[in-house]
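Take the sequences, apply the hints, and build the full model.
So the sequences go chain by chain: X and S. Going letter by letter, the first sequence gives residues 25 to 1104 in this note's numbering. Going letter by letter, the second sequence gives residues 171 to 403 in this note's numbering.
Just so you know, these hints were derived from the structure itself, not from any lab. Every clue listed holds true.
Residues from chain S that face chain X, not an exhaustive set, calculated with beta carbons under 7 Å: (1) Asn221; (2) Met226; (3) Ile250; (4) Arg253; (5) Arg254; (6) Phe259; (7) Phe261; (8) Asn265; (9) Val267; (10) Glu277.
Taking lysine-lysine pairs in the DSSO-like style, the calculated list, with each CA pair at most 27 Å apart, reads: (11) Lys722/X <-> Lys295/S; (12) Lys722/X <-> Lys303/S; (13) Lys41/X <-> Lys191/S; (14) Lys37/X <-> Lys184/S; (15) Lys1092/X <-> Lys245/S.
Calculated Cβ distances over 10 Å to all of chain S for the following chain X residues: (16) Glu267; (17) Glu274; (18) Glu439; (19) Thr472; (20) Leu477; (21) Ile1063.
We put the CB at the ideal spot given by N, CA and C, even for glycine.
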Amino acid sequence: MKVKKALIKDIFKEIKKSYKRFISILLMALLGVGFFAGLRASSPDMVESIDTYYKNQNVYDIQVMSTLGLTNQDIEALSNIENVENVYGTYSRDGLIKVEDKEIVSKILCIDDVNKPVLVEGNMPENIDECVVEKSFLEGANKKIGDTIEIEPEKTESTGTTEGEETEYLKNKTLKIVGVAESPLYISRERGNSKLGTGVINYYIYVNRENIHSEVYTEIYITLENREKYQTGSNKYETYVEETKNKIEEIKEERENARYQELIDEANEEITKAEEEFNVEKQNGETQLQEAENKINEGKAQIETGEAEINRNERKANEQFENAEAQIESAKLEIAQNALRLNNEKIEAEKGFQEAENQKAGLQSTLDNINNAIKITNNSIAEKQAELEIAETEEEKTVIKQEIANLQATRQVYETNRQTVQAGIAQINNQIASGRQELQNAEAQIQTAKNELQKQEATLKQTKNTSYAQITKAKKELEDSKQEIAEAEAELEKARAEFDSKIEEAEGKLIDAKEKVSEIERAEWYILDREQNVGYSSYMQDTESIENISVVFPIVFFAIAALVSLTSMTRMVEEERQEIGTLKALGYNKFHIMLKYLIYSSLACIIGGVIGMNIGFQLLPRIVWDMYEMMYTLPEFIVAFNHQYSSTGLGLIYICIVGATLYTILKEVKETPATLLRPKAPKYGKRVLLERVGFIWKRLKFSHKVTVRNIFRYKKRFLMTIIGIMGCTSLILAGFGLKDSISSILPNQYEDICHYDMLVSLKTSLTVEQKERYIEELKQKDGLQEVVQTYMESGTTVKGDNSENLQIVVPNNHEEFDKVITLRDVKTEEPFTLSEEGIIITDKLAELTNTKVGENITVTNAADIEKEMKVVGITENYISHYVYMSKELYQQTFGETYHTNVLLVQDNQLNEEQEKTIMQEMVAQNEVSTVTLTTTTMKTLDDTMSSLNYVVVILIVSAGLLAFVVLYNLSNINIGERIRELATIKVLGFYDREVYDYITRETILLTIIGILLGLVAGYFLNFYILGTCEINILRFEKIVHPVSYFYAAGITLVFSIIVNIVTYFALKKIDMIGSLKSVE
Amino acid sequence: MAYIEFKDVCKEYKMGEITIKALNKTNFSIEKGELVVVVGPSGAGKTTALNILGGMDSVTSGDVIVDGKNVAQLKNKALIKYRREDIGFVFQFYNLVQNLTAIENVELATQICKDSLSPEEVMEKVGLADRKKNFPSQLSGGEQQRVAIARAIAKNPKLLLCDEPTGALDYKTGKQILKLLQDTARKENMTVIIITHNAAIAQMADKIIRFKNGTAESIENNQNPIPVENIEW
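Right, dumping it as structure tokens:
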């Protein structure tokens, strides 16, 4: 224990004594660990930040989209897949918003439980007439919370059965902005492409789910079970997602077919219905026609029979009339005969009448007699009856009664006689009457016959007339009917033709419909994961760049830390050689002796390391984040204390520093105490190679000779100085080079390649005439020099897993186009001309897709038409990717007619104010959708790129610290090692300045060598860093401006001068007496 | 007035709370061309006195006059100039620059002096003409001390100060070195001051200063200096 106490005391004394050395080792550990841990942690911190963000917002793991939309059955099928936790069907659609004559294309998303947006301000939409927007929308559209926006009605995408009809994707198109939100799906500025407006989505907005009107889901988002266990982007996560994706892949075809079948069935059903209807209609039509025809035929037949009948009737009538007339003639004759005969009979009858009259007169007289007798009898009866009345006795009465009865019987006889006579008279009367009647009848008969005949004659005449009139009329009617039939026939013909054409049309339609059914493309599922989200993937790519950089830098630091501590500790051990010897002689074992140095260096290392990692973890990721915050929107950056990196960093630096100590001390403790107690033999002086080159050596000043010799004497220090300075210079140069490359992008792009000052997008709704008129108008405008017409649309190209967004540019006129955009070969600067043979692509695109001149590239345009196109030129370009093609080639390839939609305008060197005025004038006009000023674009880009200045600052500061620590340390060691020599020359009477020169001449020479080598190394380091942090859409020109070499060298020199000033004072303080007294 | 005069020179070192008086009112004087030997036990203040005389240390009080100049009053740069032009030092441990050859070590001194002697000649004088291109490590202790002496005298100083020049050498070599110093003093008429703890050597001097407890206890003028060859110890 005592030993340990003494040891610890000794260590603290040692630290106090040699605090400079301790601090320099501590600083090396601090820098090494700080940089390592901080830089290494930046990337994981960024990943952790997005991971937390995504977990909090329940962001999808897998996304499924289909060309034919997705249904609830799909959701069900997906839910049954292993590892799938939740399946969300949701909607998104591009929408056009008109704001003050500007067309804004916006992605309309719906609020869901998946990919939840983060509310930044205001409220989430609660009603269907509300929405939230992203922050930049408010600026871009000049709106504020509480304002309303209007979504233009849109047309459906053609999906087989429907095409281009206006649809109601949103039930409510007037939306009130109630808040500002950030979407986890769009963390970068990239919003994707659209078929609407200018083809680029400007913003996203969120609406209430109830506001969406859609039969199918546009996408399905899937979250996986147990995903909280995995960090996004990690291998485990990716494997997990990949596995599940493969499982989805298995049901993909089935679901695709099901959806396809569903649509086909629907369509077929409709067709069948239509067909049925068609058939019924056709049948009806045909029946009607048939009926009409039948009627006509019937009519015709009727006419025919009618005609025949008329003829027959005519004939018959003629015949009948003739007969009738003949009959009448014979009847007339008969009547005449009858009349004659009647006259004869009349005379005879008159004779008979006379006779009868005679008989009658006889009978009359008889009758009168009888009547008298009756009268007397009646009187007798009446008397008797009166007697009866008077008679009193019965007898009398009976006698009277008898007498009355006798009388009555007498009357009866009389009565009967009278009746007979009466009958006789009546008979005669009858005979006469009937005779007369007969005559009369006969007369009447003849008369009647005569009358009849006359009547018949008249009737016949009338009948004849009527008949003939009838016949004539019938004939006329027949003629009319014939006419009618002919008309009906004509009509029928017409109707038939009409029907035929209608049928044909309907049939055509049916065939078309059927064809369309056959044209329904099979559904295709796209199973995507987060990697396909533009924002996410570029973010993750950037974290990789940082990761790459974080590997290089710490290596430089660790290497130098190891070297510096090696020399420091070597020096320390050498200084304490005697103490070690004494301890050894006293009987301490190796371990105890070593312990002091190990603890000393461990303390420096651990203290430095712990301070370093705490600073590093906080500072560096934040600086890195500050840079990336310009490009990404994440609600929160999480700075974590990363145990892995802290322990690795500390471990590595520990190995470097304590390892170096161990190496030195082990060498020393091996020696015997006696050897140790003797001073270490000084390094022998040696002639250097240069001395053999007499003519140079002789010319060197004495002091220079000394310098040369010294440089070669201390090789370790020589190397370390050079490496340290080289590292410093190269880091600074890399920093400046990076800045040069980045800052050259803008001038390169906008001075050498693009010469236009404004990019004017015309409204899509304009007609060709309107456009032409406006362009003419613009050309006449004051201040404008060139107005070049082009067609631009956004497109993509796919190579392997990467898809690059690009802009298809089709100039209207090549000569004009050349004035605003230079197409030229990167190396030879030879200008290109567009032809029908192929397209010209920008160099970065060629590099990313690994395409050479003469090879083909797949280009997908905004309408999703994918075409292989031949590359005939690769042109210089710095920002974004472009594909240039001639009008003819474009039309041939994509089958669309060229129409101008973008004007590239060059002005007469106007200043910004003037340009802005012109821009405002243009925007105010109905024809213009947007105007982008090149100056504005440059400013925005410049702002973004200036964030990269941080890199330069980090590089310079770290390099400076490195240089300082290295140089200071080396200079300390140098003085320490050569203190005797320095004291000697001081005693010899060297002025302070001369002493300083004596020693720093070496340092300066080494510094110069280091700087020169550093400039070379920096050149390459710069390229390496450029390579790791290059952004896909930018081409960094690999240049380093001469002035950067100057800066790098200058800054390094400044650091070494600072160290030299410190050295100057250290040298001044050297105690001559003390240094010379000791045993050498 | 003597060539060199020490007048009431005091030198104190502060070691924390304690003040150590290295020199306490030391007085002595030396004439031009004299060979002086300073003797005394360890810690008597002889080296301190020599360092002050050589402009390597400052006084706490008192005056040090060298050739009419008060060295005690000199400031930094003047002091260096004094060391540079007027003083030659020889140490016990030679203090040669290991990385320079013998003659280069001499040149190191001559290149900063105005009236320096030719390095080659000096090398010849110290008898090392044929070894002048050797590095110190290739020379023996005596040879190295000769180089050190050559380096000191090549500057053609007014004073040659030697602190235990034979301390690290064997008897024979030591004698040769002392002889060289004695010869130099005689031939070049140079004022030479040698510190030694070997009282026997004192006989070779023109003046013997004995130090004790921080003061020059006695100053003895030796009328008959004995050539070194004849001294035995």
